[in-house]
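Chains A and B, in that order, give the protein sequences.
In this note's numbering, each residue carries its 1-based index in the first sequence increased by 2.
In this note's numbering, each residue carries its 1-based index in the second sequence increased by 2.
Hints listed in this document are in silico derivations from the structure and should not be mistaken for laboratory results.
Model, not experiment: these values are computed from the prediction.
There may be inaccurate statements among the hints.
When chains are identical, the list treats them as one kind, so a pair holds in a single copy or across two.
Unchecked claim - Derived pair list, reagent style EDC-like, types lysine to aspartate or glutamate, alpha-carbon separation capped at 20 Å:
| no. | residue 1 | residue 2 |
| --- | --- | --- |
| 1 | K128 | E197 |
| 2 | K99 | D63 |
| 3 | K14 | E113 |
| 4 | K164 | E87 |
| 5 | K216 | D240 |
| 6 | K212 | D29 |
| 7 | K142 | E242 |
| 8 | K164 | D68 |
| 9 | K14 | E203 |
| 10 | K170 | E203 |
| 11 | K170 | E87 |
| 12 | K99 | D240 |
| 13 | K170 | E246 |
| 14 | K216 | E245 |
| 15 | K14 | D94 |
| 16 | K164 | E224 |
| 17 | K99 | E65 |
2 protein chains.
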Amino acid sequence: MPYSNIDKNKSKLNPHVSVDCVIFGFDFDELKVLLIERENLSVEGGLSIRNFSLPGNLISDDENLDQSAKRVLYELTGLTNIYLEQFYAFGDPERVKRKQDTEWLKSIREEPSARVITVAYYSLVKLDAYSPTAASFAKKAEWYPITTIPALAFDHNHIVNKAFETLKSRLQSQPLGFELLPEKFTLGQLQKLYEIILGNELDKRNFRRKILNKKILIPLIEKQKGVPHKQAQLFMFDKEKYEEVKNTYFGFDF
Amino acid sequence: MPYSNIDKNKSKLNPHVSVDCVIFGFDFDELKVLLIERENLSVEGGLSIRNFSLPGNLISDDENLDQSAKRVLYELTGLTNIYLEQFYAFGDPERVKRKQDTEWLKSIREEPSARVITVAYYSLVKLDAYSPTAASFAKKAEWYPITTIPALAFDHNHIVNKAFETLKSRLQSQPLGFELLPEKFTLGQLQKLYEIILGNELDKRNFRRKILNKKILIPLIEKQKGVPHKQAQLFMFDKEKYEEVKNTYFGFDF
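When you get a sec, could you build the whole thing from the sequences and use the hints?
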């Protein structure tokens with residue numbers, strides 16, 4: 003457990019730059035985002051306010067940004083072996099200056115008033131393969147539907163929106179979606195995923211024709227299990243084939 | 003001239019975060035990058051070494067990152083009204099620690115040994131519409147062919163490569179190329195631009211058919227001037243049409 007104790011590294015943390023992680027998962031029904039809940043600090047009108055945020059923290063001075071993102075995600079949620087991709091840096095001078103945020107920073111940081119620029123990463127994971135376990139200053143680490151994300155710390159709602167936009171736009175030029183599905187999936191499940199990310203219904207026949215034309219799916223003899231009737235055919239994503247064609251691959255023109 | 007004197011702002015510069023700009027231009031023959039040359043400081047074996055870098059500097063504490071990029075580009079090269087797009091943050095702990103780089107930093111920065119994370123921006127401009135004028139610590143600001151970029155300060159060669167990769171990949175899903183061409187252009191000029199960025203020759207007939215099928219070009223009655231014979235037809239990019247179709251636009255499947 004190289005990162006089990008955040009306090010050990012505390013003196014090496016760089017107070018000016020942080021990383022934040024937007025981890026997307028899909029449960030066949032909804033797109034979800036992994037959030038952490040921090041200890042209650044703010045109380046308003048006698049009611050304590052729940053403190054949600056993205057998993058994120060300051061970088062450490064001996065790490066590059068990718069290493070920081072991996073470490074921070076691991077420390078707060080226990081997740082490892084996740085491919086994180088950097089997508090944007092956020093540097094509004096006011097981004098950590100709201101009252102509830104500065105109070106929390108005072109409780110945890112050595113230089114709570116420092117301006118912090120954050121470098122954001124995103125990842126797509128097969129939701130059921132990852133069970134987050136909260137640690138460090140995270141009291142909970144849970145999946146939340148992207149359609150009902152609560153108010154988050156700092157500019158984290160803005161970061162989630164930007165990550166979702168990035169996902170949407172990359173889905174149009176790369177077959178990203180497969181990273182959110184189990185190894186074997188039905189065309190119906192794949193279509194549902196595309197509909198949810200793109201935000202509109204797709205014609206079933208067109209979808210099937212276009213996606214099969216891309217020739218990056220391997221049809222299996224095996225059929226879907228656990229459904230009473232009309233068991234659909236299963237497919238796998240053909241990574242090798244995709245690597246071959248990816249320079250001439252331009253997404254799905256739905 | 004709000005940014006004419008960099009020293010005025012010096013006390014407000016944030017020593018931990020910088021911005022760097024990769025400005026691409028096209029002269030119908032080559033893709034070029036705007037570099038600045040700084041005062042000679044390093045001398046090796048009696049010969050002074052030319053100090054090239056991207057236009058870049060520390061952010062100022064009252065600016066967001068986009069504002070910093072605009073200001074820094076203006077201060078060093080005089081260029082304004084350029085749409086800069088953020089594409090990546092670079093944070094290797096060693097990125098400003100090479101001997102020749104630390105020497106230069108000592109001559110210009112208040113905290114020359116601070117670790118600096120840089121947020122990089124890129125832009126595509128019509129080369130002949132912008133005449134850079136060096137100022138501040140830039141002694142020269144000139145266009146250099148991307149194929150023969152000299153050794154640059156810090157990790158700037160790496161940043162140029164990453165910007166070029168980004169350009170290449172975005173060109174496959176967006177019609178970015180038009181920003182590098184004059185308002186009216188021939189299909190031959192457009193094809194040349196694509197060939198140079200994608201790094202391979204394209205079949206003329208296929209290129210014309212595919213690009214015209216996208217229906218984002220306006221054919222003009224006017225023909226190319228200044229060439230002795232075989233004057234080619236001119237086209238304009240149809241921005242309005244592109245805005246309409248851009249959600250179903252997936253680049254050129256060459």
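State the violated hints by number, sorted upward, taking the hints as numbered earlier in the document. The structure conflicts with hints 6, 7, 9, 12 and 16, although it agrees with all the remaining ones.
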